[in-house]
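Student: First to last, the sequence lines map onto chains A and B. The numbering of the first sequence is our numbering, which starts it at 909 and goes up by one. The numbering of the second sequence is our numbering, which starts it at 16 and goes up by one.
The hints are simulated quantities; they were obtained by calculation from the structure and are not laboratory data.
So the derived list for chain A, only partly shown, Cβ under 10 Å to chain B, looks like this:
#  : residue
1  : Gln914
2  : Thr955
3  : Gln958
4  : Leu963
5  : Ser966
6  : Leu999
7  : Cys1000
8  : Ser1003
9  : Asp1006
10 : Pro1011
11 : Leu1012
12 : Phe1014
13 : Gly1015
14 : Gly1017
If you want the ones that stay clear, here's a sample from chain B, every Cβ over 10 Å from chain A, calculated:
#  : residue
15 : Glu30
16 : Ala32
17 : Val34
18 : Gln125
Bear in mind that the values here come from a model prediction, so they are computed numbers and not experimental data. Idealized CB from N, CA, C, for every residue including glycine.
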Amino acid sequence: DTGVSQNPRHKITKRGQNVTFRCDPISEHNRLYWYRQTLGQGPEFLTYFQNEAQLEKSRLLSDRFSAERPKGSFSTLEIQRTEQGDSAMYLCASSLGDREYSPLHFGNGTRLTVT
Amino acid sequence: AQSVTQLGSHVSVSEGALVLLRCNYSSSVPPYLFWYVQYPNQGLQLLLKYTTGATLVKGINGFEAEFKKSETSFHLTKPSAHMSDAAEYFCAVSEGGRRALTFGSGTRLQVQP
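Assemble the whole structure, with the sequences as input and the hints as a guide.
Tutor: And the structure:
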């Protein structure tokens, strides 16, 4: 169990640029989640996948955000035309099983700074 | 709709003192409740969870929490704080078949020597 891995750890970009983050979940975990966390707040749900299917998206997820999980393995989160309000920590988590109470295993996050 | 309120964004205790971190939730159906801990520069880790059954739940590192339906609360306690408990603690709720958790805004615990 190598844990959930996220890359890069930090990303600084200029407003208007596109960015892509990667998440490698714990192998055999069928569920993968993306959350966003800003300073002084708890994580906010963005989207989740069961295997390769994207089953739920938050209303927070504007059309500039897109996530994929090809073949049900790693996932990418892309933000197009970044805005300063997108600056946050982006967290990925994975879990095994079908229950609502299956524990989430979080990565260390990707910190995005939009200048 | 579900929501979580954590009272007190910062809590400071002395080493060896009781730790009490408060969490209240709103949910239209019986919820699943969780406490996660986040140490600096690390991801969130599950401390404990309540699903069904016994309302007093024990977790890792000596923490426990009690589900009180009548008070819609799930407060986290530890009898004796240790310096290593200094971290940010998040209460979270899941309900209605949703797989996504709703987190509270967190409580930063400081432990004074």
